[in-house]
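Chains as they are written, first to last, in our numbering: chain B, 1 to 366; chain S, 1 to 76.
Accuracy of the hints is not assured; some may be wrong.
No more than 30 angstroms apart at the CA atoms, straight line, and that leaves these computed lysine-lysine pairs for DSSO-like [said to hold, decoys possible]:
no., chain 1, residue 1, chain 2, residue 2
1, B, Lys180, S, Lys71
2, B, Lys4, S, Lys67
3, B, Lys78, S, Lys27
4, B, Lys6, B, Lys180
5, B, Lys82, S, Lys71
6, B, Lys78, S, Lys54
7, S, Lys71, B, Lys303
What the simulated footprint calls covered on chain B by chain S, stretch by stretch (three residues with Cβ under 8 angstroms from a Cβ of chain S suffice, anywhere in the stretch; the number is not a length) [as the list claims (entries may be wrong)]:
no., region
8, 255-265
9, 293-300
10, 306-314
Some chain B residues close to chain S (C-beta under 7 angstroms, calculated; not the full set) [as the list claims (entries may be wrong)]:
no., residue
11, Pro80
12, Thr94
13, Asn166
14, Phe170
15, Phe174
16, Ile334
17, Thr340
If you're looking for bench data, these hints aren't it; they were derived computationally from the structure.
Where is the CB? At the ideal position from N, CA and C, for every residue including glycine.
Residues per chain, in single letters:
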Amino acid sequence: MIDKAKISGAQFLFTVACYLQSTTLITSFFINISLHDSLFVILTGAILILPILFMYFYIIKWFPGKNLIQVNDLVFGKIPGKLISCFYLFFFFTLSSLTLGDLGRFVNNTFMIKTPVSVLIIVFIILCVWAVRNGLNVVTRYNIFFSILITAGIILDDILASSLSNMQNFIPIFEISLNKYIHATHIITAIPFGDVIVFLMIIPNVKLDHKKTKKYFLIGFFIGVVSLLLVVFREVAVFGDSISLFTFASYESIKLIKLGAAFTRLEILSALILVILSFSKTVLLFYVTVIAFAQIFNLKSFKAYVLSIGLLITIYSLNIYSSATKHGFAASNIHPFFWTFMNIILPFLTLLIILLRKLNKRSTSK
Amino acid sequence: MIIIVLFILLIAVLIYYQDISPMKYNKSKKEIIILSFVAFFAISLALLMAFGVKLPSPMEGLDSFVKDVLKLSYKG
């Protein structure tokens with residue numbers, strides 16, 4: 001292990017929760033397709049991803065103390081393993097850049113309209129560089145506080161928005177076509193839920209044994225899914241099918257809340273929540289990218305590479321898509337396939353090889 | 001533009017003094033080569049962007065490959 005830092009179970013649990021809660025910024029990817037049936041889509045996605053999560057834990061169980069990159073080396077052999085790890089490195093790098101870009105554009109579109117996106121992204125990356133250089137403990141330490149604060153914020157927002165809600169917006173249920181249902185479920189299963197594969201990079205740093213780590217992971221996942229359901233419930237209850245008009249529907253729904261003359265512009269609460277969540281996700285992805293890079297090249301330390309990789313992530317996030325429309329189209333229609341390959345097919349291949357070797361060993365010992 | 005270029009050069013100096021220099025004392029030649037390559041690549045790209053050169057995006061290329069070659073897309 002390059003980073004010898006150990007994190008507690010609580011740190012791990014709330015990091016998983018925070019990671020999934022940050023999905024609330026990108027609900028537009030699937031909500032534009034599933035509209036008022038989005039709650040069912042999330043539930044279906046959460047059920048479908050469970051066997052995949054168990055698969056991840058089955059893989060990691062065979063190699064205690066090893067992360068995804070080390071597992072690839074051991075399962076596929078040195079050169080093919082490095083090649084597959086390079087795919088993962090590109091994937092983590094792209095995820096970091098996309099999240100950082102989304103964060104910058106969100107702040108620019110909502111409350112810092114006159115500040116250029118590049119300036120916002122640079123400010124965020126400086127903070128990320130500082131956190132990543134200090135190791136996993138600093139990357140995950142504040143997530144306990146963030147997650148509790150954010151869960152409270154989401155519940156408060158839901159209560160405040162209840163006066164604007166219309167339960168008629170949820171009916172008729174299952175109105176969208178089967179194709180659209182499958183499409184939206186594929187997006188949510190592959191992109192936000194499948195992305196939890198990044199935790200295979202930090203599981204060896206958790207102080208707990210395998211069984212407890214799995215339990216804490218599933219609790220964190222459950223908190224994340226419930227938070228997402230609460231946010232989407234509010235979005236649909238307030239906007240109904242016109243939800244597809246907004247990129248940041250969660251933020252827009254809070255914008256409508258007015259409590260007398262004193263409490264207006266409460267959307268700043270929602271914006272703060274989304275910024276904190278995206279920041280915690282970016283830091284974790286950045287850390288995972290640096291660790292994956294250091295592990296692929298067998299480096300002694302990862303800290304020296306943080307600033308250079310941070311600069312690359314900044315450039316990539318500013319340059320990844322020439323327009324927001326292209327990004328939105330790709331995220332809804334093309335990315336689910338690439339993400340499925342990285343999050344489901346490659347780990348499945350790893351599992352298959354592990355099982356074949358196990359069978360082979362048994363037959364030779366007989 | 002001058003401010004952006006100066007900012008990028010400041011990062012280059014920072015990388016040299018904070019990251020590359022300590023490696024010289026550890027005599028880790030391989031690490032110096034890898035870091036120098038990554039830093040040089042990052043600084044070059046940043047300078048090109050600052051001068052207004054439009055950089056190709058690997059993600060847009062990958063999207064085209066998935067959509068047009070593998071024919072995997074929900075919308076054509």
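Right, here's what the structure says about each hint:
1. A threshold of 30 angstroms between alpha carbons decides the hint, and for Lys180(B) with Lys71(S) the separation of about 18 angstroms falls inside it, so the pair holds.
2. At roughly 41 angstroms between alpha-carbon atoms, Lys4(B) and Lys67(S) are farther apart than 30 angstroms, so this suggested pair is violated.
3. Only pairs whose Cα atoms come within 30 angstroms are accepted, and Lys78(B) paired with Lys27(S) is accepted, the gap being roughly 26 angstroms.
4. A C-alpha spacing of about 43 angstroms is found between Lys6(B) and Lys180(B), which places the hinted pair above 30 angstroms, so the restraint is violated.
5. For the suggested pair Lys82(B) and Lys71(S), the alpha carbons sit about 28 angstroms apart, so the restraint of at most 30 angstroms is met.
6. Taking the CA atoms of Lys78(B) and Lys54(S), the gap is near 37 angstroms; set against the 30 angstroms cutoff, the hint is violated.
7. Only pairs whose Cα atoms come within 30 angstroms are accepted, and Lys71(S) paired with Lys303(B) is rejected, the gap being roughly 41 angstroms.
8. Restraint check on the region 255-265 of chain B versus chain S: 0 residues with Cβ-Cβ distances below 8 angstroms, three needed, restraint violated.
9. Proximity of the region 293-300 of chain B to chain S, defined as three or more residues with a beta carbon under 8 angstroms from a beta carbon of that chain, is established by the 3 residues found.
10. Check on the region 306-314 of chain B: 6 of its residues sit with their Cβ under 8 angstroms from a Cβ of chain S, so the three-residue criterion for coverage holds.
11. Hint on Pro80(B) is violated. Least Cβ distance to chain S is approximately 21 angstroms, over the 7 angstroms limit.
12. The criterion of a C-beta within 7 angstroms of any C-beta in chain S is met by Thr94(B), whose closest approach is roughly 6 angstroms, and the hint holds.
13. The beta carbon of Asn166(B) is not positioned within 7 angstroms of any beta carbon in chain S (closest approach about 30 angstroms), and the interface hint is therefore violated.
14. Nearest Cβ of chain S to the Cβ of Phe170(B): about 25 angstroms, over the 7 angstroms cut. The hint is violated.
15. Against a cut-off of 7 angstroms between C-beta atoms, the interface hint on Phe174(B) is violated, since the closest Cβ of chain S lies about 20 angstroms away.
16. Interface hint status for Ile334(B): upheld, as the beta-carbon distance to the closest one in chain S is roughly 5 angstroms, under 7 angstroms.
17. Here the hint on Thr340(B) is broken, as its CB sits about 9 angstroms from the closest CB of chain S, past 7 angstroms.
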